[in-house]
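J.: Residue numbers (the numbering used here), protein chains in the order written: chain A, 1 to 435; chain B, 1 to 435; chain C, 1 to 435; chain D, 1 to 435.
For the record, the hints were derived by calculation from the structure and aren't laboratory data.
There's no promise every hint is true.
You can't tell identical chains apart in this list, so a pair holds if it fits in one copy or across any two.
DSS-like, lysine-lysine: derived pairs with alpha carbons at most 30 Å apart [what the hints assert, rightly or not]:
#1 K74 - K252
#2 K252 - K387
#3 K375 - K191
#4 K191 - K28
#5 K252 - K144
#6 K375 - K221
#7 K127 - K115
#8 K252 - K179
#9 K191 - K115
#10 K115 - K27
#11 K191 - K19
Since the structure is predicted, the reported quantities are computational estimates derived from the model, not experimental observations.
Chain residues, written in single-letter form:
There are 4 protein chains.
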Amino acid sequence: MSSLNISEKVVINSLNDEKELLVQRFKKIRDFTEMLTEPLETEDFVIQAVEETSPVKWHLAHTSWFFEAFVLKKGMEDYESLHPQYDYIFNSYYVQTSDPHCRDQRGNLSRPTVKQVFEFRKFINRKMYAFIESLSESEFETWKPVIEIGLHHEQQHQELLLTDLKFLFAQNPLYPIYKERSRPFGREQQKLNWIQFEEGVYQAGHEGGEFGYDNEFPNHKTYIHPFNIADRLVTNGEYLAFMNDGGYSNTKWWLDEGFSTVEREEWASPLYWVIRDDEWHHYTLNGIEKLDLHEPVTHVSYYEADAYARWAGARLATEQEWEVASKSLELEGPFVESGNYHPSSADPDTDGLKQMFGDVWQWTQCSYSPYPGYKPFPGALGEYNGKFMVNQYVLRGGSCATSKTHIRRTYRNFFHAHSRWQFSGIRLAQDAVQA
Amino acid sequence: MSSLNISEKVVINSLNDEKELLVQRFKKIRDFTEMLTEPLETEDFVIQAVEETSPVKWHLAHTSWFFEAFVLKKGMEDYESLHPQYDYIFNSYYVQTSDPHCRDQRGNLSRPTVKQVFEFRKFINRKMYAFIESLSESEFETWKPVIEIGLHHEQQHQELLLTDLKFLFAQNPLYPIYKERSRPFGREQQKLNWIQFEEGVYQAGHEGGEFGYDNEFPNHKTYIHPFNIADRLVTNGEYLAFMNDGGYSNTKWWLDEGFSTVEREEWASPLYWVIRDDEWHHYTLNGIEKLDLHEPVTHVSYYEADAYARWAGARLATEQEWEVASKSLELEGPFVESGNYHPSSADPDTDGLKQMFGDVWQWTQCSYSPYPGYKPFPGALGEYNGKFMVNQYVLRGGSCATSKTHIRRTYRNFFHAHSRWQFSGIRLAQDAVQA
Amino acid sequence: MSSLNISEKVVINSLNDEKELLVQRFKKIRDFTEMLTEPLETEDFVIQAVEETSPVKWHLAHTSWFFEAFVLKKGMEDYESLHPQYDYIFNSYYVQTSDPHCRDQRGNLSRPTVKQVFEFRKFINRKMYAFIESLSESEFETWKPVIEIGLHHEQQHQELLLTDLKFLFAQNPLYPIYKERSRPFGREQQKLNWIQFEEGVYQAGHEGGEFGYDNEFPNHKTYIHPFNIADRLVTNGEYLAFMNDGGYSNTKWWLDEGFSTVEREEWASPLYWVIRDDEWHHYTLNGIEKLDLHEPVTHVSYYEADAYARWAGARLATEQEWEVASKSLELEGPFVESGNYHPSSADPDTDGLKQMFGDVWQWTQCSYSPYPGYKPFPGALGEYNGKFMVNQYVLRGGSCATSKTHIRRTYRNFFHAHSRWQFSGIRLAQDAVQA
Amino acid sequence: MSSLNISEKVVINSLNDEKELLVQRFKKIRDFTEMLTEPLETEDFVIQAVEETSPVKWHLAHTSWFFEAFVLKKGMEDYESLHPQYDYIFNSYYVQTSDPHCRDQRGNLSRPTVKQVFEFRKFINRKMYAFIESLSESEFETWKPVIEIGLHHEQQHQELLLTDLKFLFAQNPLYPIYKERSRPFGREQQKLNWIQFEEGVYQAGHEGGEFGYDNEFPNHKTYIHPFNIADRLVTNGEYLAFMNDGGYSNTKWWLDEGFSTVEREEWASPLYWVIRDDEWHHYTLNGIEKLDLHEPVTHVSYYEADAYARWAGARLATEQEWEVASKSLELEGPFVESGNYHPSSADPDTDGLKQMFGDVWQWTQCSYSPYPGYKPFPGALGEYNGKFMVNQYVLRGGSCATSKTHIRRTYRNFFHAHSRWQFSGIRLAQDAVQA
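If we strip away everything but chain A, and leave its shape as in the complex, we get:
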């Protein structure tokens, strides 16, 4: 268990209470996944629009497969799978468990049907309840952290389910509406302010005591130089000023590979932006909306975030800076539980560092790499994080599609520099002079 970096709390409750708590948490998260699919038609579950995205149906099944592969098959005596080929078609990339179906083929599976996939979920749930029920105290200590990982894994896929669905709907000229949102429109934002942090040796990474992925450990010392961080996110209006200044055609602001991408992909705005009747609109899970200039810009790549920052005379924060800056903040924000599925403008009447959690993932300038002393989870779960530590960039803070019970201050999300289909946005930073 300690190898999984899961803290060992003193167990005061009886084993049964512990089990009950885990089952409740399991049920709540699994139900939430299904709740997210309620607005959908059967047809919406099936399609894989591009290789990077997966069908809704696949997310539902794969998260169930995870419990089968990492818990039931390993821990439950005489466990038999509902269908012998689900292990193949719902494995993502864990080569140490089984041979995974090609990622780009996930959208070619009209069967199993949506109904069958929900039955697979029910089947797994029942087995998991029985399994948890059956555990002795020492077994519970062994399996609880693995189940915990499975639940966090499911929460990650809740977010992907929404962003993949948004990508799919955006390809459709009918622009389907997933769910209407209520929102404060047109809240004028305050002028951006800088908040300064001092130079010195800081602690970074997860401190233990509650769940964390292996990539957040160990807690370690890091030297940070004096820096300023912006008190709020960059808005659509500010980003539009960059666009109107010729931002997308001036190589001066861009990383070399960023500009090649701009040219090859013919980017001229964030993803999902379209002009209608001579005005900028964007596709949201609420359908096509007129752009609110005061909301945070989202669906930008690392390249765009970096180019905007240069144009603005600033830079992106390092992930260490972001973590230091967020240290004293409450973990609060407009997460997926708000049911808005889109970032909101900041409340102009509050002060201090705002919009650090929820709304949009914030690109940092840091390549995704192991912390000093990093150790992967043991066994096949060691494939969870470490093997992706190349050519990806870290994002922090969670988004409007992230669950509040999933995010942490030390949470490291990561995507390729060209990725835009997540709710990803921009917070500026700059070098400071030591006072």
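Knowing the structure of chain A, use the given hints to seat chains B, C and D on it.
T.: Then chains B, C and D, alone, in the frame of chain A:
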């Protein structure tokens, strides 16, 4: 009407009888399309496995769009479409009618739902009945041939619906069964016999008097040299002998582009063939079956048909030879109406030229090109055939997925030399010496 | 020998005279190849600009390899190659002789040097002289036709050497001049006239009696419908009118694959055309020239030739029509021996069918396919033509880069429908009404 | 000048002495470039084998263009270029100076000839001598650092010239020899030993006082955790053990993108390794050699270096660790001046940290990113480094193709994780426990 190459029969019946006949025929063909989808789950209607194929749902809608675009919008006063964007998303390539949605995007439309598409079909049907009802005698003469094209168009898509669906199901490791088939298994075929035809000037092409596509006209003279044609199709067993003789790795038998394709695509058998338990099986709409060596080989490309023919010391027939050979035959065979959805072995107790119609499309050696004096259909329907007359090869005879009321002796089907997902097979021919 | 379709002239001369004649012809053609490289710098011999083209050096070596592989290695006792790997790197695609080096790698060979390649040519020449000298009368009859093929092969590569070089130079912003040309500039062309031919059974193909490739045989009957053929080639000025009428953006004129190519390749004019100082110029082997509106348009693809013809209310000729039309003409025209390396405007003072030979290859509407009764050359030489008979289109008449001693009325050149780097142009035809 | 991060030494010498020193250095480096081309034939200068590499000729011209674009055009009155288009075709990517010719087109320029390129070099040299001669003291202080960058730029291209040439020669089945090497063969290496370094705050980056690129600045504090570093490079023999253990087919050792690359590129050994007569050989600039198991493995990608390290139970060093470890070492090693053009086995009789400089570039685990407080060179030279700071990985130490007067302890080289054509190798590190 004559410009559409539709024959003008003497109208004996009253106009109402004529209308009634057309409505009956319309209903029968439209219903047959829907009947073909009965074994399917909602999820099966949605997916586009590769660009060349289309979702079942799209076929259902596109065939309805055809009547809207070429009949209702042009001929019906105050016609209003059920949805303003269907014209865009269900157009295939008729640029003279509207801007077509990208072909490779057809699989990204989860909406309209299957239910909505069936409603669209019903809407079009109702409008078409009302439209036909409303026609004067001269209007009827104007619109009947266009409706006739629309019905043949629908029948073409019935075949594509089945072959596209087969391609999709074959990608699925669960190998879904579309419909069980009954069949005579293991009927040993007679030794292949050659039937000779004399040299001379022949007539080729459609003689008028009933419906034909523009590409079958005009009926024209052609000089044919003495030739032999095989009395039956090449079987799986014969093709397997070619494979076992190293057919796929010996460049000697192949067109240069054929062998490049073999290497690039790593072909080593016809499409859908798989080895299970050390024996050849193939995926059929009846699921995975053990290969019947006596059934006609199918799902081979032009390249494979040509290579096999060279290996067998023969060649493919020209389309003129095929047409001459078929002249005296009844238009009978195992078509889609048989409900078998797979080619059958020939009845070994019959003589003469067998399996010319139904079973499998027969690759000819001819590039698809205009007949001397060819004139396209007028207007936007002129885009139906002529614009594809390059880099495609002609197939003759129809298949187990073709409707008996759709095929003709002069019917010219055409696909690229690398295409394999149609029910395409091989009939041999050779040069003969004039007696 | 007859199997090579080479006519057997009555041999009047003594064997020695025959040998002397063959040696003279061998020497003349081999020298002509080298003469074509005189204006070049060493650097110009090395580069392969795209896979379809080959380095000049490779042409020089490959044509020599041909004599080694098909004559010396097979017929000369104790023959030893100059270098053991030349057989590998200078083979083009004859898999029955040896394993060929990848086509797209020809430009990665800085060695052997140009000097070494010329030494290889000299080595082969000396061996060939000795070989011919050594032949008995019956051996001479065996080997002469193979050598004859080798010489025609070399002449084909003379033309490719020039067109590949032109393609390479055109990529260079310095636009090197290969050789200055003298030419009549601005000769106003007569109005295009139509010449009619009657319906009937004609003979087509090579009649024997002198050299021909296997693809020109056998001479055979063909039925031709009444047609008109244009008395001269389409000019730059006429083609420009098509362009100015929006020809490249109106799908109406284009084959479907043609228009896809136009869009994908962003074609808006023939190859090598550029606008300078608001006027159309084009790159020629004489450098950048202002476009002469009266010269024949060249460097157009089949797609463009076909689209232009439709726009002009005409069509391309079939290869049979072209052959019938050319029947009574002298085989004269501005060939490579003229040293002009560019097509010329027709002499406006002559009448009748003009510009049928030399100037530009004329696209026919015919797919490249075997004549009825076609038999490939025996052995590895059978790979010369037959294996390319798919997805290519026939051109007739030769060009300003073709040798006068290479071309024939029955000569069938062939390229893909998208190819533009040959001197390919347009002659119109149309259906006629029988008088 | 200080903005270029060039230290300001106290100038003791007279201005003339300073100029003389600079001219001598200029001459020496420029001559060395040309010396490297002495073994080449004209044909070897022309070819670009893949987009990542450039023709030798282009390196010769581009390094000259650099002085023209950044010095002569900006600082010399009435400067006129030798040819108006050289500015276009020899610019690499400096968009602020002029529009650069497409990188993948560098191999399509047979002209200017090699001779003309050498003339261009002479022309630039003469102009530079005159320019330096003409400078006042303050002008000298302005231009000297720019010229210094130009000379380091030239030295970088000396290395690329060799590695690009090696890549080209390796494509040629004739495997040309660039230059014979003398070497100690088969020197058995000592068992690998670990050298430990303590935890703490260290200084990293260039300390000033002599030339450095902008990416080495500023000198800054960094926190380093206790680590061990291997005392010598990984050998061919050790790497072969990884291969023989199935290293290339076991996903366990690989980054996810690394293994995809292995599969897509069909890697099964380092670049240039081939089996001949059942034994491993490799192509070197000395031609094909039998593999010396004691020499350092080279031409491995970041992916391979990382996978090998995991297999060996270690990891790559961070660039900060590497820099700390190298602190007390003399900057000595087998550099390009040794004329060996291949890494050597370590002298088994010496102790301590070996092979840190020369031999092979050592992959670090660090993504190439800006140091805290990084400032690019001013003006167009700011495009030199900063715009590449994404998706590349840092290598340290220089190689057998690097000049001794070019490398520094703080020098940061960078390539993509899949790149293998540089002399790149592996030094292991591991986490240590603080004593």
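J.: A separate judgement is required for each hint: does it hold in the structure or not?
T.: Verification of the hints:
no., hint, in the structure
1, K74 - K252, "between (55 Å within a copy, 20 Å between copies)"
2, K252 - K387, "between (34 Å within a copy, 9 Å between copies)"
3, K375 - K191, "between (43 Å within a copy, 27 Å between copies)"
4, K191 - K28, "neither (41 Å within a copy, 56 Å between copies)"
5, K252 - K144, "between (52 Å within a copy, 26 Å between copies)"
6, K375 - K221, "both (16 Å within a copy, 26 Å between copies)"
7, K127 - K115, "within (18 Å within a copy, 35 Å between copies)"
8, K252 - K179, "neither (40 Å within a copy, 42 Å between copies)"
9, K191 - K115, "neither (51 Å within a copy, 51 Å between copies)"
10, K115 - K27, "within (19 Å within a copy, 33 Å between copies)"
11, K191 - K19, "neither (50 Å within a copy, 53 Å between copies)"
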